[in-house]
Amino acid sequence: MEKELWKGNEAIAEAAIRAGCDCFFGYPITPQSEVPEYLSLHMPQHGKVFVQAESELAAINMVYGAAGSGMRAMTSSSSPGISLKQEGITYIAAAELPCVIVNCMRGGPGLGTIQPGQGDYFQATRGGGNGDYRTVVLAPSNIQEAVDFVQEAFDIADCYRNPTMVVCDGLIGQMMEPIEWREIPKRDLPPKDWATTGKHGRDHTNIINSLYMDPEECDDHNADLEAKYKLIAEKEVRWDTKDCEDAELVITAYGTPARIALSALEALRAEGIKAGLFRPITLWPYPEKALHDLAGQDHVKAILDVEMSAGGQMIDDVRLAVEGQKPISYLGHAGGVMPTIEEIVESAKKALKEAK
Amino acid sequence: MAIVYQKSKGLTDAELHYCPGCNHGIVHKLIAEVLEEMGLLDEAIGVCPVGCSVFAYKYFNCDMQEAAHGRAPAVATGIKRTHPTQPVFTYQGDGDLASIGAAEIVHAAMRGEKFTTIFINNAIYGMTGGQMAPTTLIGQKATTCQLGRTKEQAGMPMRVSELLSTLDGCVYAERVCVTDIPHLNKAKKAIRKAFEKQMAGEGFTFVEVLSTCPTNWGMSPLKAKQWLMDNMVPYYPLGVIKETSAEVK
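Here the protein sequences come in this chain order: A and R.
Residue numbers for the first sequence follow numbering that gives the first Met the number 0, beginning at 0 and rising by one.
Residue numbers for the second sequence follow numbering that gives the first Met the number 0, beginning at 0 and rising by one.
So here's chain A without its partners, still in its complex pose (with noise of 0.2 angstroms):
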């Protein structure tokens, strides 16, 4: 297939049209702006309805709305944007409604820098908003990922009744790429027979809603979704490796930092240093067997988590899995500053040597 030269955002936005995304609602916000701009010309050209709202409130509540009366809906933000739209977040996975929500991360905290950024990490795998639940967050490293997993979140969603979360970062959307449209393969779904789409001669009414006032039905319908998540995270989770079979030193990282991480392998390998990568595309559900097993191995020394977050957040992923078989240290940075390869180079020695 032909490749095609496309800009992260623009490409995420088309991507949503090609799944068959009915409606967008969206809110201005760098750096994914692009997205609602390619959207409001080109989803009335498709027959599809494009709403700039007054808020990233309002935008995910009209999401809850079109999702609940059946469509395929998605939203698109960038971290203080997400922030204000975890509100409907929560009661979207509440009411166990189907949509897509894309957050194209820039540095925080507050307003932050426009610059890109991970910091958002514990706010998509935590449930930034009240209560218990999860969503889907798939994290792709490049552009042609983002394509892919855009058109793929809309089936896992519908499979699910879940919101489910692209997570890039402001690079991500804001660079260019060669990608190619291929064929995602499609799901089998279920028939969204639950839907507020009028009764039309249904001798009951649907109904969309997150209320449970007796403590008991609220129990178990908590007991539900958990158990539902507990299938998500048994068929969903996704991560990737590279040159991890023998690898004494493993970086972790997920985005932009893991492509970055590829030429510190590179140049690490040159010097004689077996490293490798260990990479997770869904955020949640977080491939922590899958890590558990690979820190095991006797061949891995230590583990080089490397972000875009000051502290370090995906790291706590990383120690719960690794559970304190091999030593593990942090390269990160915020504020929109990225990790050099020169910089994961030198972090990885040390952390061999330390390790040795």
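No lab work stands behind these hints: they were computed from the structure.
The beta-carbon is built from N, C-alpha and C at its ideal position, and this holds for glycine as well.
Straight-line C-alpha distance at most 35 angstroms; calculated DSBU-like pairs for lysine-lysine:
| no. | chain 1 | residue 1 | chain 2 | residue 2 |
| --- | --- | --- | --- | --- |
| 1 | A | K47 | R | K241 |
| 2 | A | K198 | R | K57 |
| 3 | R | K28 | A | K191 |
| 4 | A | K191 | R | K8 |
| 5 | R | K28 | A | K198 |
| 6 | R | K57 | A | K191 |
| 7 | R | K140 | R | K28 |
| 8 | A | K198 | R | K8 |
A few chain R residues facing chain A, derived, Cβ under 10 angstroms:
| no. | residue |
| --- | --- |
| 9 | I44 |
| 10 | C61 |
| 11 | K79 |
Per label pair, the in silico range of CB-to-CB distance:
| no. | chain 1 | residue 1 | chain 2 | residue 2 | range |
| --- | --- | --- | --- | --- | --- |
| 12 | R | H16 | A | M174 | 50 to 58 angstroms |
| 13 | A | M212 | R | I137 | 31 to 39 angstroms |
| 14 | R | Y4 | A | K229 | 52 to 60 angstroms |
| 15 | A | N129 | R | N230 | 32 to 40 angstroms |
| 16 | A | H199 | R | H16 | 24 to 32 angstroms |
| 17 | R | I137 | A | P190 | 49 to 57 angstroms |
Following the hints, put chain R in place on chain A, whose structure we already have.
Below, chain R without anything else, positioned relative to chain A:
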């Protein structure tokens, strides 16, 4: 024997949870009757708020969504834009609509979203226990203004129908009450007109219903009715606040 009156098919058999003397039940009935009479029950999708009417999804015999506090107009936007030929309505109280959801209602009206909002204004937060609302009157006591609302501390009460009427997208706004049969009949006509205008695709339609809250006002139902007429109606005048004819539009 001929049936001269029966419960609307627009209501389910669920028992209402409202306090004695509360107007929610009457307004539910009017909406249900209008939807039934217009033949819209099979098509309608309603959105209920957070507040006393949070369980309205149990009472209306049409598909319903329960929204987060104040967000019903955004939820209804998502529904109506993707189901443009179907009747969509929100049912919201004054805390929900005029306070936490002020942005959502203003912008839905600005965009001229083609759904109908039924706004219950009882000048107080009912469900959470009688706190001050944006619509609480000057001098009126509430649990968060126990000596009575003052202009200095909380500003003047918000007239939402007038506010929304300044927006071109709002084609119809009427304020009604349901304290007696003539007013109740007027209220039903207003609700019907709002749905008719919605179905004609004219724009955003809004019916504000002045309502009693005997429990949190600390009055008997009869006294509450009188208090509404004596205190609310002078500040919130009844009648059509705005009506744009289809031709003019």
